[in-house]
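So the protein lines, in turn, are chains E and R.
Sequential numbering from 1 applies to the first sequence in our numbering.
Sequential numbering from 1001 applies to the second sequence in our numbering.
Keep in mind that the hints were calculated from the coordinates and are not lab data.
Hints should not be assumed to be uniformly reliable.
With a cut-off of at most 25 Å between alpha-carbon atoms, the simulated BS3-like pairs for lysine-lysine come out as follows [said to hold, decoys possible]:
1) E/K77 / R/K1077
2) R/K1140 / R/K1012
3) E/K70 / R/K1077
4) E/K73 / R/K1077
5) E/K12 / E/K140
Below, a sample of chain E positions facing chain R; criterion: calculated Cβ distance under 10 Å [claimed, not checked]:
6) N60
7) F63
8) A66
9) Y67
10) L69
11) D94
12) G98
13) D99
14) R105
15) A123
16) T148
17) A153
18) F156
19) V170
20) T173
21) P210
Listed next, with one range per pair, are the computed distances between beta-carbon atoms [claimed, not checked]:
22) E/G68 / R/N1102: 16 to 24 Å
23) E/V84 / R/N1139: 41 to 49 Å
24) R/K1164 / E/G68: 35 to 43 Å
25) R/D1197 / E/K263: 50 to 58 Å
26) R/K1138 / E/E172: 35 to 43 Å
27) E/G68 / R/K1175: 32 to 40 Å
28) E/K27 / R/K1085: 35 to 43 Å
29) R/E1088 / E/Q256: 51 to 59 Å
30) R/K1164 / E/N218: 33 to 41 Å
31) R/D1197 / E/H31: 57 to 65 Å
32) R/Q1005 / E/K263: 56 to 64 Å
Even glycine gets a Cβ: it sits at the ideal position worked out from N, Cα and C.
Next come the chains, spelled out residue by residue.
2 protein chains.
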Amino acid sequence: MTTQQLTEQIRKKKSFLCIGLDVDLNKIPKHLLTEEDPIFAFNKAIIDATHHLCVAYKPNTAFYEAYGLKGWKALEKTIMYLNVKHPEIFTIADAKRGDIGNTSRMYAKAFLEDLEFDSVTVAPYMGKDSVEPFLEFKNKHTILLALTSNAGAFDFQTLSVNQKELYKQVLETSKTWENSENLMYVVGATKAEYFADIRNIIPEAFLLVPGVGAQGGNLQDVCKYGMSSNVGLLVNSSRGIIYASNRGDFAQAAAQKAEDLQKDMAQELIKY
Amino acid sequence: MTTQQLTEQIRKKKSFLCIGLDVDLNKIPKHLLTEEDPIFAFNKAIIDATHHLCVAYKPNTAFYEAYGLKGWKALEKTIMYLNVKHPEIFTIADAKRGDIGNTSRMYAKAFLEDLEFDSVTVAPYMGKDSVEPFLEFKNKHTILLALTSNAGAFDFQTLSVNQKELYKQVLETSKTWENSENLMYVVGATKAEYFADIRNIIPEAFLLVPGVGAQGGNLQDVCKYGMSSNVGLLVNSSRGIIYASNRGDFAQAAAQKAEDLQKDMAQELIKY
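So that you can see chain E by itself, here it is in the shape it has in the complex (with noise of 0.2 Å):
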């Protein structure tokens, strides 16, 4: 998927909500442990209820590995319902991965080749080399780690180097990387000040942005300082929406839970 056809769904569904799909066999409702696979059944419900007040999915991929082959496969026959029913939908698998050249492009190819996700999110912390071969697949993006939002952001990630935070030098190197048009940055919210200086380096990058509500960031600052010509956020809810309910009704308390912020974003979306 192109950013442009991803700009294109936001205006058309009035979001630019992502939603989360970090399944915990503890925390889905009981009546699905009985399934033949309860995490894709829970998966497929919530889906089904929201896919037309999001604009993309996020499964991160620790919860499917937390349960070995399992949780593989459930992941595996997450994308491939996402992509068979709603190829308009962009996919993201939220791995984190990072590891020298040849490596990496083991790790390239898994998520964005064998499982045909969208996108793949990967940490910097190795450099150039271990992020241009998920740059090389057309159409395809990688959302590199940038300023997160847990508390450890502020261990390395605010750092002054060079005169500047370490994630912003973070955002100006990887802007010269070989096919960094297929970038985008995960920025959480915790500071909504901090995106004017982002759009300062990369005006026109998607970012994708944890930490709405949940870790206190607020969606209208989000909107004033980070959004771009194109749009270019993602703003990311898991938990909020998916465990909405752990009764009958979670998919149903699921879809208000995302109709509610796909309203403030429609409305955000008139301003700008």
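The hints should help you fit chain R onto chain E, whose structure is shown.
Coordinates of chain R only, in the frame set by chain E:
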């Protein structure tokens, strides 16, 4: 496994060799491709031929993920084979994971508890709360990326923060984390002089050292600057050993390469 037990194994075997099990179906002997599980068949043959010459095995998970479900199955069988047949051998899931707290916990559980690896490699970019969940596992080890051996290491890892290189800041900061006694570090052998500075910061921690041989590092220099009173070194070789031959004699050829390295290591262990 405790670090003391690891040091005992090193002294006993006169080896601090770690063999990387990075299985690529395009590189293994053709005759194995008719086996039911060619990846495991290859690993089993390599392990059977080399286990007396090394103290650790390190499957890089990318190579297994790249083959989807059958890859994960082969990884499970490999670690189970190692744990049953050679419980004295230290096992490393080279996964380079790193995510926010609750997600890191899922990864930690997957690798250290479910798959029963002794250790897992973790990226530091997301800071303390992304690493501490791994450190909670008793007698398990978290191998933090500090200075990697690829060209991209110089993009961010060696940038100056607080008047020192970022990777040194990673060493210093991580020492303050809870259960930091369970930390080991990846330090590439690109420049052996770096080891002297590193030992000033972490005198005793085990270092997993890639890049000896193939990527230009020198075993003598690594030992001169990097060996600690408990040895504190695991030197990794992957392709140089496991792909020494792609014919019927591949396992014996691998054992020969491993023995060459083991003999060099025995020489070094006498010196210090």
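Legend entry - Non-conforming hints, listed in increasing numerical order: Failing hints: none at all.
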